[in-house]
Each structure stands twice: as structure tokens, then as C-alpha cells.
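*Asks:* Take a look at the letters that make up each chain.
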Amino acid sequence: MGERFLEIEGLVSGYGAVVAVHGIDFVVDAGKVAALVGSNGAGKSTTLRAVSGLLPTVRGSIRFEGEEISKLPADQRVDRGIVMVPEGRLIFSQMSVEENLRIGAFAPRGRRQTAQTLETVYEMFPRLAERRRQAGGTLSGGEQQMLALGRGLMARPKLLLLDEPTLGLAPMMADTIFEAIRSLVSEKITILIAEQDVTRTLQQASVGYVIENGRIVASGSGQDLLIDPSVKAAYLGI
Amino acid sequence: MDAFLSGQLLFSALVIGSVYALIGLGLNLVYGTMRLLNIAHGDLMMLGAYTSFWLLSLVGLSPILSLLIAALGASAIGAAAYFGLFRRQIEISGPVEKLEANSLLLFFGLSVVVQNLAALAFTASPRAVPYLDQVFRVGEISMTANRLLTLGVALALCAATVIFLRANIYGLAIKALIQNRDAAKIVGVKVERVQLLSFMLGFGLAGLAGVLLSMTEQISPFMGFPFTIAAFVVIITGGLGNLTGGIIAGFLLGFIEIYGVVLTSQNARSIILYGVFVAILLLRPQGLLGGRRVVR
Ligand SMILES: Nc1ncnc2c1ncn2[C@@H]1O[C@H](COP(=O)(O)OP(=O)(O)OP(=O)(O)O)[C@@H](O)[C@H]1O
Ligand SMILES: [Mg+2]
Chain A
3 MGERFLEIEG LVSGYGAVVA VHGIDFVVDA GKVAALVGSN GAGKSTTLRA VSGLLPTVRG
63 SIRFEGEEIS KLPADQRVDR GIVMVPEGRL IFSQMSVEEN LRIGAFAPRG RRQTAQTLET
123 VYEMFPRLAE RRRQAGGTLS GGEQQMLALG RGLMARPKLL LLDEPTLGLA PMMADTIFEA
183 IRSLVSEKIT ILIAEQDVTR TLQQASVGYV IENGRIVASG SGQDLLIDPS VKAAYLGI
Chain B
7 MDAFLSGQLL FSALVIGSVY ALIGLGLNLV YGTMRLLNIA HGDLMMLGAY TSFWLLSLVG
67 LSPILSLLIA ALGASAIGAA AYFGLFRRQI EISGPVEKLE ANSLLLFFGL SVVVQNLAAL
127 AFTASPRAVP YLDQVFRVGE ISMTANRLLT LGVALALCAA TVIFLRANIY GLAIKALIQN
187 RDAAKIVGVK VERVQLLSFM LGFGLAGLAG VLLSMTEQIS PFMGFPFTIA AFVVIITGGL
247 GNLTGGIIAG FLLGFIEIYG VVLTSQNARS IILYGVFVAI LLLRPQGLLG GRRVVR
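Which chain is which? The protein sequence lines are A and B, in order. Its first residue numbered 3, the first sequence is counted upward by one per residue in this note's numbering. Its first residue numbered 7, the second sequence is counted upward by one per residue in this note's numbering.
Just the calculated beta-carbon pair ranges, DEER-fashion:
| no. | chain 1 | residue 1 | chain 2 | residue 2 | range |
| --- | --- | --- | --- | --- | --- |
| 1 | B | 169 | A | 78 | 24 to 32 angstroms |
| 2 | B | 101 | A | 33 | 39 to 47 angstroms |
| 3 | B | 89 | A | 235 | 52 to 60 angstroms |
| 4 | B | 98 | A | 110 | 24 to 32 angstroms |
| 5 | A | 78 | B | 126 | 41 to 49 angstroms |
| 6 | A | 69 | B | 98 | 21 to 29 angstroms |
| 7 | B | 173 | A | 139 | 17 to 25 angstroms |
| 8 | B | 89 | A | 6 | 33 to 41 angstroms |
| 9 | B | 98 | A | 217 | 25 to 33 angstroms |
| 10 | A | 78 | B | 284 | 42 to 50 angstroms |
| 11 | A | 170 | B | 86 | 43 to 51 angstroms |
So these bits of chain A aren't anywhere near chain B, every CB distance computed over 12 angstroms:
| no. | residue |
| --- | --- |
| 12 | 25 |
| 13 | 29 |
| 14 | 41 |
| 15 | 62 |
| 16 | 63 |
| 17 | 65 |
| 18 | 67 |
| 19 | 68 |
| 20 | 122 |
| 21 | 132 |
| 22 | 143 |
| 23 | 174 |
| 24 | 189 |
| 25 | 231 |
| 26 | 232 |
Since the hints were made in silico from the structure, they are not lab data. None of these values were measured; they are calculated from a predicted model. Ideal Cβ positions, reconstructed from N, Cα and C, are used throughout, including at glycine.
Chain A on its own, in the form it takes in the complex (with noise of 0.2 angstroms):
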């Protein structure tokens, strides 16, 4: 077998004593978009940090690129292209709209081309540039989501980490949130996702992941899952 871009064997993280997720494995392939479903406390947010270094890697190993970076700390995964938006967005609330965006590049891979990448963000979320001196805290629920996904953006990433990125937003913000995803893929970024919109993101996912209880539970493509009548019993309420 050869490389994978990232691939996860036997993960098992958590809270201290509380674990929350017992051993898991699955692969993400480079360009593609995979998704990780699953109901509320299933470990997917678990999953999504023990991958970004924001929770500690107890057992198991993670490996990006081939190398192993399961011990290093999450600011050197920033460093080789892993970036998260988390779910609540964890924005700096006091500091401006273009501040959140600078301080997103702080790695050196995206400090580079702060100019540049700042102006694609702006491009990509008009509403930010119109808001760009304003407070961070001060943007709509939607607005915010934006400024999550576009700090992300300025490190440049390989690999983005979405959790939630639709959560307690209006159908047409949740609209724009999922095409910026399918703009990002078009320009070859990898994307990790768990979102509660399960059909769609399957829809745009090349293969998905069920976690249940800190396990995975059932893995296919996107469109092969969608049709998979657990998946619609459980989580479709078809």
C-alpha cells in the first residue's frame, strides 16, 4: 500500500478520563472531500481535534503525508498544512474582522502571502471586506461562520478540518457556506467534514464515515451511504 494522504489507525483521544473515542480508524484521500456523520456525541468533534493536536492522540496513530504527527503540538500541524475551523468558530470577538484574519496567518506557510490570501478571502466573503474594521463579535451568527472558515483559509491549508459549519445558520448562509466548500475543492483542498446536514454533505463527501459511541460503525462513498437504509433510518429520519 502506498502513502495516504491522511490516515488514522487505532485513534482512541479524549477528555482526561473521559474517553471519548475508542479506536478508530479511516482514511482521507488528497482533493476529496470525506465526512464523518454520526449523532450528537458521537465523537466527531473528538475526532476532529485529536486530529488538529487541539486533544491529545492517547493510542493510535495519525499519519499526514506519511509521516507520523500523532506527538507534535497543534501549532506545528498548522505548520504542514492541517488547519480547523471549530464548531462554535471560537472567533476573537474583541479583535477585528481583518485582525481574525491576520492572526490566521500566523504560520510561516501563510504569513508568506498575507496580502494576497486576505484579499482572496475577501473576494471569496464580500460581507467580510464591507466588515472588516468591525469587532468579530459583532458579525451575525453566519458573518462569524464566514470569518471561521476564512482565517482558516489564510495559513493556507492542505488539509481543512470543518466541524459544523452550518450549525444554527439560515438555509441561504448554510447555501454560501457550501459553496465556498465546493470552491475550495475545486482548488484542490482537502477537506475533513462533520456537519449535521447529513444529506448534503454526503452529497459532496467522495466517502463517508459513521461514528457511533467513539466507533465507526459504517464507512462507503458518499452516494452509497445516502442510499443505506441504517444511514436513513438513523440519521435521514427517512
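Starting from the known structure of chain A, fit chain B with the ligands onto it as the hints suggest.
*Replies:* This is chain B with the ligands only, laid out in the frame that chain A set:
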């Protein structure tokens, strides 16, 4: 009432206020980024003051040049304290409250050691070598060059820090770390490096404030504590971690102190200081100027 509106009092309040703003800023940087309560902050000032004192009295070096030396020295102590005592504490700390409590104990130890070493080395007797203390008048106000210099340097340092926090990527990273540690990690901020920087900046500013003070005040190994208290009053008034708020609060405290003393007596100075402290804690524990807001 005449005295109250005099430029003289205004000038005095601005001078002491600028020093309070400066020491508050240093303390706030260390607290905001790491939640460490540095009760040795005033002792760093004391070391800065002695640096200036000895260099002036032994080799005649101007305190203006001592500013640079004290800043470097105090930053080096900051770096040593970070690597030696605090880096690991921050790493292994569980809840924030525990880190705050541990840091209080560690810094208390540091404070006792520094004060006593200073007393051993320099004796406990107060000393003073006034510098640039010729009086001159600007309109109604009589001032001394050293106090004018104190005001100018302290203001310039506050302004430089604020500009650094806005314009420099490491300055932005400090603000980011103050606001949200996890988010700062996610965006790739080198948290350890930024923490070291905050230590060096915070300690360095305290050392600088000490040099300024040595030009106008008596110095002794135990001079630091009241300033530690003043710095805490400032950052609590301005809102913990709120850097701009702290600068404003520094000047506010300067005014309260000077005008308070005029209304009562010189002896009431520390009562006023502690009074403000207690009043703020009782009435508005989140600070007069709101919670964790940072320089914009
Ligand atoms: N900070 C925390 N401390 C302790 N346990 C946590 C923490 N965060 C999450 N958990 C637990 O870990 C488990 C997995 O949570 P996780 O957030 O990964 O779920 P999720 O699949 O992202 O769910 P959701 O769809 O609600 O976002 C849950 O049982 C949750 O209670
Ligand atoms: Mg989640």
C-alpha cells in the same frame, strides 16, 4: 477649589498615573496571556530602580541609558522565570483557578527571595540620587525635568506597546492568546514563544518603570510591594486582561490618589489605594471598564 483646578495637581496626577499605567500594562500582559498572578511585579521595579541607582552613583551613567540596561536585565529575568518556574506549570495546569493559585505562591516565593537578596546586597536603608531635579516653570506649573521625563517615557512606552499589539503579528498573537487560548492554538500561534514574549515584555516594562521611579523617589529593597498593589488595583479596575482598560485605569488611579491626598492628607495615600482596591472588588469585581477586553 482653586488648588483643585490647578495645572500643578493635574501634572502630578498625570505623572503618577503614567507610571501606574505602565506597571499595570506589564502585569496585565502576564496575567492576560497565562493567568499568572505576578505579585513580584513591584520587586522587578525595585531591581530596575537599583540598576539605575548604582549605575548613576558608581559610574555616573545617566538613567536614560539605564532604561535600556534595566529593560534587558528585567526581560532576561522574565525569560529565566518562564523557563525555570512557569512553563511547566502552565503546561500541566488543570483548571485556571489552580494555575492562578499556584502562580500566586510561586511569585510570592520569588518576591521574598528577590527582596531579601536585595537587602543583603544593598542593605535595607533607603537611598536616593535625584537626577535632573532642577525646578522650572511652564506657565503656572512648576515641574522638574525628571518628572516630565517620567511622563514622556511612560506615555511613549504605553503607546509603543499598543502599536506593537496592533501592527505586529506577535502583538496580534498576544491579543489572541488573551482572548481565547484554544483558538490561538488552532490558528497556529506558537503559544510557548508568545508566552515567553509576554513574560519578557511584562518584566521589562516593570524594570523600566523602576528606572523612571529612581529619578524622583527614594528607593529601598522593600519599595516594590505598594507598587504591586497599585498594579493590581489598576488591572482589576481596568478589567483583568483588558490592556486598554488598564492604561485608562492607571491614569484614573493617579488622579484618585493625587486628588484624594489633597482632600485629606499625605498619610492617607495608602488608605486611598487600598480603599479603591476593596471598593472595586466589592462593587464591581469584573472591573470598572468591563471584562476581558483587549487593546483594539
Ligand atoms: N470537554 C469535554 N469534556 C468531557 N467530555 C466531553 C467534552 N466534550 C465532549 N465530551 C464527550 O465526548 C463525547 C463525544 O463528544 P463530541 O463532541 O466528539 O461529539 P460530536 O459527535 O461532535 O457531537 P455533536 O454532533 O453534538 O457535535 C460525548 O459523550 C461528550 O459528552
Ligand atoms: Mg461536535
